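Asks: Sequences listed follow chains A and B, in order. The first sequence: position 116 = 116 (the working numbering), numbered continuously. With the second sequence counted from 1, adding 1000 to any position gets you the working numbering.
Honestly, the hints are just simulated from the structure, not real lab data. In this text, all values refer to a predicted model and were calculated from it rather than measured experimentally. Ideal placement from N, C-alpha and C gives every residue a C-beta, glycine not left out. Be aware that one or more of the hints could be misleading.
[Claimed, not checked] On the chain A side, residues computed to face chain B include the following (Cβ under 7 Å):
id: 1; residue: PHE19
id: 2; residue: VAL23
id: 3; residue: GLY25
id: 4; residue: VAL26
id: 5; residue: VAL28
id: 6; residue: ARG56
id: 7; residue: TRP62
id: 8; residue: LEU82
id: 9; residue: THR94
id: 10; residue: ALA101
id: 11; residue: THR103
id: 12; residue: ALA104
id: 13; residue: LEU105
id: 14; residue: GLN112
id: 15; residue: ARG115
[What the hints assert, rightly or not] Quick list of in silico lysine to any residue cross-link-like pairs, SDA-like style, CA-CA up to 25 Å:
id: 16; chain 1: B; residue 1: LYS1174; chain 2: A; residue 2: PHE16
id: 17; chain 1: B; residue 1: LYS1005; chain 2: A; residue 2: PHE16
id: 18; chain 1: B; residue 1: LYS1174; chain 2: B; residue 2: VAL1221
[As the list claims (entries may be wrong)] Chain B is faced by these chain A residues, among others (derived, beta-carbon under 8 Å):
id: 19; residue: SER83
id: 20; residue: PRO86
id: 21; residue: TYR117
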Amino acid sequence: MSPEHIIVLYLYAALFIVFGISVYGVVVKPNIVKKLIALSILGDTANTLIIFLGYRTLPKPWPPVFPELEPSLELIEEFTKLSVDPLPQVLVITAIVINMAVTALLAFLAIQVYRLYGTLDFRKVLKLRGW
Amino acid sequence: MKPVKILFIPLMGLIVALIILMLSYGTLGYSPTEYIRGLGEFLLKQCYNVFEKEWWAGSPEVITATLWDYRGLDTVYETTVFYLAVIGCISVFRLLQPRLAEIAKEKEEYALTVIVRVATKIVLVVIILISINIALHGHITPGGGFQAGSAFAVAPLLAIAAFSRYFVEKMGLKMDLSHALRSLGLIIIALVALTPLFYFGYLLQNQAKPWSPFPGFPVEVGFLELSGSLFYFDIGEYLNVAMGFLAIFLLISLPEHVFKKDMEVVKSES
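Take these sequences, add in the hints, and give me the full structure.
Replies: Given below as structure tokens:
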């Protein structure tokens, strides 16, 4: 096993541990705000994983931006050889904004739940009916 | 909590993680590797290929080009989702008597120290300028509409924390402005997306294609590098995201007693 393989496996393991912790938070924690925090960690873990899949294990990979405004054919060839995959990053930009929109909406709903019921514990919210 | 439950839940998380690991490993193989996938290679090769312009996007920034040219329709839908989420937030937090928000303008009795206030004012200007820079340069350097909007979102948050909600409104960043500019951003995106149709081109077309009569948006105007439609899309997206966050922060910082008063009216009516 080369050192690059070990680093990649280590990152995989770290991401899946964080994933497990966030799933635990979403399922177990009774407080709605804590559920929301765990949910956003879950989304960020998924995004990191997707970006990570687009990485290339080269010694010095380039970012997917052309370094010059008037490229030559050789530069385009070199860029294609050395740059990381742009597609996962594009997907993640989309996912991040959707994630933020969903988080904002859920935060607003949590505040509204607190206003209506006076508690953020969803077990108590289920017992209370009407106001 | 019962001990069985405590044991059960980490196990469940582990199983889900293992299933996802297996799926990703099975479908993608050992990843990341030294090599690049075919689609990524196509994007990198064709995006700014000035010698063979059949598939090019006219922008050296591959991510913005992919976002608004190759996958443009996706991004338009995503913008719509964001717009609708902001509308959802506003409708959850709407006041039955909007004039109550006017009463909420508290007098500035308590203020933070001079150091905090002056430093915040300087940083606010810098944040807004940098966000505009990111938006207008998004098609040449890393950046774009989303990133710039997210950078701008810090500004009202910081102003609310260091001063008050009233200060943000005094700066001119009001709810009405937010609604107007957000809609303006969407209108810019829609108009730029529909323009090729008037020339019998395709929806969201950026550059000229051999099989389409649309001549393409200008890549350069004088010394300005515009990268076709990407520049206008970035501006529209910047307005949409920045003003969406402004609306969210203005709503979330309304004092609690305003809502209590508003709810009392609802209770007395029902």
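Asks: Compare the structure with the hints numbered earlier in the document and write down the numbers of the violated ones, lowest to highest.
Replies: The structure conflicts with hints 3, 4, 7, 8, 11, 16, 18, 21, although it agrees with all the remaining ones.
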